[in-house]
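Number of protein chains: 2
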Amino acid sequence: MAVYNAPLNDMRFILTDVFKAHEFWQNNENLAHVDMETVDMILEEMAKLSKNVLLPINRSGDEEGATFEGNGVVTTPTGFKEAYKQYAESGWVGLSGNSEYGGQGFPKMVTMLTEEMVFTANQSFALYPNLTVGATLCLNAAASEEQKQTYLEKMYNGEWAGTMCLTEPHAGTDLGIIKTKAVPNDDGSYDISGTKIFITGGEHDLTDNIIHLVLAKTPNAPEGSKGISLFVVPKFLVNEDGSLGERNTLAVGSIEHKMGIKASATCVMNFDNAKGWMVGAENTGLSSMFIMMNYERVTMGLQGLGGSELAYQNAALYANDRGQGRSDTQIQSPEKPADAIIHHADVRRMLLNAKANTEASRCFAMYVAKNLDAEKFSTDPEAAQAAAARVALLTPVAKAFLTDKALEATIDCQQVFGGHGYIREWGMEQIVRDTRIAQIYEGTNGIQALDLLGRKVAKNNGKYVTHFLGEIRDFVNNMQADHGIKQATLDAADTIEELTTTVLSNIGARKSEINGCAVDYMHAFGYLAYSYMFALMVEAANGKEGDFYTNKAKLADYFVGRILPRIDAHAQMVKAGSDPMMNFELNYFDVPAS
Amino acid sequence: MAVYNAPLNDMRFILTDVFKAHEFWQNNENLAHVDMETVDMILEEMAKLSKNVLLPINRSGDEEGATFEGNGVVTTPTGFKEAYKQYAESGWVGLSGNSEYGGQGFPKMVTMLTEEMVFTANQSFALYPNLTVGATLCLNAAASEEQKQTYLEKMYNGEWAGTMCLTEPHAGTDLGIIKTKAVPNDDGSYDISGTKIFITGGEHDLTDNIIHLVLAKTPNAPEGSKGISLFVVPKFLVNEDGSLGERNTLAVGSIEHKMGIKASATCVMNFDNAKGWMVGAENTGLSSMFIMMNYERVTMGLQGLGGSELAYQNAALYANDRGQGRSDTQIQSPEKPADAIIHHADVRRMLLNAKANTEASRCFAMYVAKNLDAEKFSTDPEAAQAAAARVALLTPVAKAFLTDKALEATIDCQQVFGGHGYIREWGMEQIVRDTRIAQIYEGTNGIQALDLLGRKVAKNNGKYVTHFLGEIRDFVNNMQADHGIKQATLDAADTIEELTTTVLSNIGARKSEINGCAVDYMHAFGYLAYSYMFALMVEAANGKEGDFYTNKAKLADYFVGRILPRIDAHAQMVKAGSDPMMNFELNYFDVPAS
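These protein sequence lines are chains A and B, in that order. Under full-length UniProt numbering, read the first sequence as residues 1 to 594, first letter to last. Under full-length UniProt numbering, read the second sequence as residues 1 to 594, first letter to last.
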């Protein structure tokens, strides 16, 4: 039903014209092995796989859902097993993996594009390999050599899957209060006991083994988040020769029935003295987890981008086909009883909201990916440090702003379909339901905003922001292109500078100021980031011939006139501060008496 | 699972303190029979019915859904039949009905509150009697005396249900191109043939008969919307003595599988030379339908309000219960591992967005209801005409703005639950799915916005708007209360005046200007309307003692500081006009080649 053709031209434009990936790779010895020809082939292969293998099982996967029969077995929907096999055997799971352990060593600038395609075609499917990749990132960064030898290769080649076991029934955002226990054994292993919830891919039928990364507390660990350790807890223990040994004492208790991503098994996992091994040093579990968090959070932004892209393509197709009423300018199809609705400015408004979102968010994700790669691969410590600071600042924006805007885009595109958008058969409502989760998991968007304004802005007194604003102003002031995006971006930069100063000056007097202003600050910041991205795209397209390039400037016009003004509303709301929330007594929020 | 206690105090505040319903009724002989004591009893009874009968079958109704077994039979979910029987036998369907035919003659100011409660407790259930009420409004206004005698009493007492059969597969927004035919018979009846889709309650097991109101074209009718007639087409023909006669040749073909309101049967209806009778004069079908449209559209606003209210109550309860992290100000529950999340300003932000929406939208719906009642019941023709103009202007806002803000509110409240908000069991995601439809049906919100800016503003050169702005400024300038809402409302009024002038001056040069600006104009207008409502509420609460009244001013503070600034963004976007959409060539919206 749904269509999806990967926007390879837009992707190549961002990769090469905007961010000059080839130069970046050539100038960096750790990435010199990456060549554009191979990358092109990779993108084309994934475009085919997404369209021909993953998209066809997207609707059916939603209808069927992952199922749990109560005996510890979770079954993925029809076709998922075969699709996963093809995906794994083609090497996609290990695309970014460490080449010392069988990975292919491609940078995030490449894998973000393949990840986007997988999320566009099938959000539920995407999560299975995605969690494995997250677990390998964590193991690669924090595990012992022996642990890496044991797990990484089979995870990279997709034979085994991985999970992240963080949340417990009473502990989500606040991981400091988890209860799962890890009691040491004499042989160096630990007995892990506790219940974890919302575990994506905690159990399924896609792989022979599932490697759980579990946060737990050792006996006498310090209270709160400083007393959390990380453990690797495989479903099947691994023998010395790498073959599968006995079944570990952990099992899925049930799976959740959810609003969307129904083909993704979201599991309650019970660990009952399950055998595990500590990863990294005791009580450093959270920081080990956070090594992969920056990647995961950007990837959640890509999930939003994928939802937005799929919604856009299908809404544009429908708007070109559906006849209803007549164009305001002139009759377009006199031979038909009505003109296609694409001629209505309001329909274009909805489509362009989505289109501007996909292009800006893809560009922004690539910008963050380039910084992630610079942080990871750069041989210049100063450059790596600067990139790390940029990643720290922008990761919460890449997660929260991209997914917030993506939900809006999917809703706009659903609206293009009128009543048909509400019918399951057409597939649009599934995109809305699937995309919604990306605002919630991997740290809610409210938490991301707090991370931005609290940790990344206020804690260093705005230093990271100041650097980012400096870069933006430098770039815009040196642009060759003559376009409204220049002044718009400079104004947006001024807005963020002013807001930052305002919030920093208020936090002494108002203890809830960061909490109360974070989300609106994050949105204002996001609009500045998008504006910068449009400036980068306009400049990259400047002087080049053809509709493809001139349309980049037109989309930037749309952004400036019809989207960016929202930044002023968010700025005003930040300035209004937290008092309007905190002035209420607690009992104001009581539910009316029955 | 979910809780719902009708906010009777808020309702009474709006009814009596803000809009002084008792005075309005006493001063109007056609409404002098309405007394506040009876109304109070009505509200309390509906509060109980909603909570005890309709809410308990809301989740189960979503899980089970309406079912179609392929033999023309549609079954409502478990408990719906019994609940409907109780609802009908208590006289709720005919509450607003014409008392000459067995209705109870209550004004919209009362029924809007009972409708809100039904929609809050169970959106799917609400639609069954709601469509019947719409059909009776239409029959009461346009049908012959004989038709009224035949149908109204049994529809008012709930023995028979009603539907509206407008949409066809190729004709939704554009009803001018419908194909359903009505061929006259010698006995004055017509043979109706065609397929209608998206027919809410087209078939079900709640009533003995279903009275379909069907739009169709007679032979040789003029093309387009001027050639549409309205017909009453009962499922079972009615004998002269009022008993049921033979089965008419119409049947449900299938029911839709939808994103939400799953317990509401959305039917494909096939009419195969079904016997029908014309209602009103030939070719006046659309205008007959529009008689009830103003009521229906306000009622869709109430559906949004209901979703917002249910989401708010449950999110507030959850936020008071769920412990996570610590308050920014001081530890609140030292005996527990975490404080309730209600202490976080960002959680309050989400709750207050919903709370401000429910209070403002309820107040606005009451304002429109009062005008609907003045139009219908006033003995002073001038007052009736002024009220009719106000209704015409505000109905699209009551439908579109209330439902757009409602979806945002339900999403905010779902977000309060974190991951649990995404799980079906908790019920929050259902509210989002159910509420979403209200933005789409009864004329999409884009169409409502076009109605506002095109027909209600541009066509009379802003006359209705000017009157409305005059009323607002008069009121605000005479307010006793000293509150920021005064200046905020005056500023908002200036914004709308300026936008109206701007759009009117641009439509000559830009043919797509109304289409391209309508939605943002509607949103800006909606914020002005809400601001005026808060001004009304602040003034009504002014000088009265107790938290209930001082909190009205605090909520208005929240609105001014943290919601109303959005009006400026929409104003800027209106000023940017339609060129940013229309500058693209048509082929820009082609899907990328595979």
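Everything labelled a hint here was simulated from the structure, so no lab data went into it. One or more of the hints may lead you astray.
Since the list gives no way to pick out one identical chain from another, each pair is judged satisfied if it fits inside one copy or across any two copies.
What the hints assert, rightly or not - DSS-like cross-link-like pairs, simulated, lysine-lysine; straight-line CA separation at most 27 angstroms:
(1) K575 - K486
(2) K336 - K226
(3) K148 - K181
(4) K48 - K275
(5) K575 - K554
(6) K20 - K85
(7) K275 - K226
(8) K336 - K181
(9) K544 - K275
(10) K81 - K51
(11) K275 - K463
(12) K336 - K511
(13) K81 - K554
(14) K181 - K275
(15) K376 - K51
(16) K51 - K226
(17) K376 - K511
(18) K275 - K336
(19) K81 - K48
(20) K148 - K85
(21) K376 - K48
(22) K336 - K179
Just so we're clear, the structure is a prediction, and the values are computed from it rather than from any experiment.
Status of the hints after comparison with the structure:
Proximity of K575 and K486 under a CA criterion of 27 angstroms is satisfied in both settings, with 25 angstroms inside one chain copy and 19 angstroms between copies. Taking the shortest alpha-carbon separations for K336 and K226, only the inter-copy value of 18 angstroms comes in at or below 27 angstroms, while the best intra-copy value is 69 angstroms. In the homo-oligomer, the alpha carbons of K148 and K181 lie at most 27 angstroms apart inside one protomer (24 angstroms), although the nearest pairing across protomers, at 73 angstroms, exceeds that limit. For a Cα distance limit of 27 angstroms, the shortest separation of K48 from K275 qualifies neither inside one copy, at 41 angstroms, nor across copies, at 54 angstroms.
Taking identical chains as interchangeable, the C-alpha atoms of K575 and K554 lie at most 27 angstroms apart only when they sit on different chains, with a minimum of 17 angstroms there against 32 angstroms within one chain. Taking CA atoms no more than 27 angstroms apart as the test, K20 paired with K85 passes in neither setting, with 34 angstroms inside one copy and 69 angstroms between copies. Taking the shortest Cα distances, K275 and K226 sit within 27 angstroms of each other inside one copy (23 angstroms), while across copies they are farther apart (77 angstroms). Within a single copy, K336 and K181 get their C-alpha atoms only as close as 69 angstroms, which misses the 27 angstroms cut-off; across copies the closest is 20 angstroms, which meets it.
Taking the shortest Cα distances, K544 and K275 never come within 27 angstroms of each other, neither inside one copy (60 angstroms) nor across copies (66 angstroms). Proximity of K81 and K51 under a CA criterion of 27 angstroms is satisfied intra-copy only: 17 angstroms inside one chain copy versus 45 angstroms between copies. Taking CA atoms no more than 27 angstroms apart as the test, K275 paired with K463 passes in neither setting, with 45 angstroms inside one copy and 77 angstroms between copies. Taking identical chains as interchangeable, the C-alpha atoms of K336 and K511 lie at most 27 angstroms apart only when they sit on different chains, with a minimum of 21 angstroms there against 63 angstroms within one chain.
When the C-alpha separation of K81 and K554 is checked against a cutoff of 27 angstroms, the pair qualifies neither within a copy, at 43 angstroms, nor between copies, at 56 angstroms. For the homomeric pair K181 and K275, the shortest alpha-carbon distance inside one copy (12 angstroms) is at most 27 angstroms, but the shortest distance between copies (73 angstroms) is not. For the homomeric pair K376 and K51, neither the shortest alpha-carbon distance inside one copy (31 angstroms) nor that between copies (57 angstroms) is at most 27 angstroms. Proximity of K51 to K226 under the C-alpha cut-off of 27 angstroms is found in neither arrangement, the shortest distances being 45 angstroms within a copy and 46 angstroms between copies.
In this assembly of identical chains, K376 and K511 lie within 27 angstroms of each other by CA distance neither inside one copy nor across copies; the values are 36 angstroms within and 53 angstroms between. For the identical chains of this complex, K275 and K336 are neighbours neither inside a copy (69 angstroms) nor across copies (31 angstroms), given an alpha-carbon limit of 27 angstroms. For the homomeric pair K81 and K48, the shortest alpha-carbon distance inside one copy (18 angstroms) is at most 27 angstroms, but the shortest distance between copies (50 angstroms) is not. Taking identical chains as interchangeable, the C-alpha atoms of K148 and K85 lie at most 27 angstroms apart only when both belong to the same chain, with a minimum of 23 angstroms there against 66 angstroms between chains.
With identical chains, the CA atoms of K376 and K48 are never at most 27 angstroms apart, being 30 angstroms at best within one copy and 62 angstroms at best between copies. Only between protomers do K336 and K179 lie at most 27 angstroms apart by alpha-carbon distance; the minimum there is 14 angstroms, versus 66 angstroms within a single protomer.
Violated hints for the displayed structure, listed by number in ascending order: 4, 6, 9, 11, 13, 15, 16, 17, 18 and 21.
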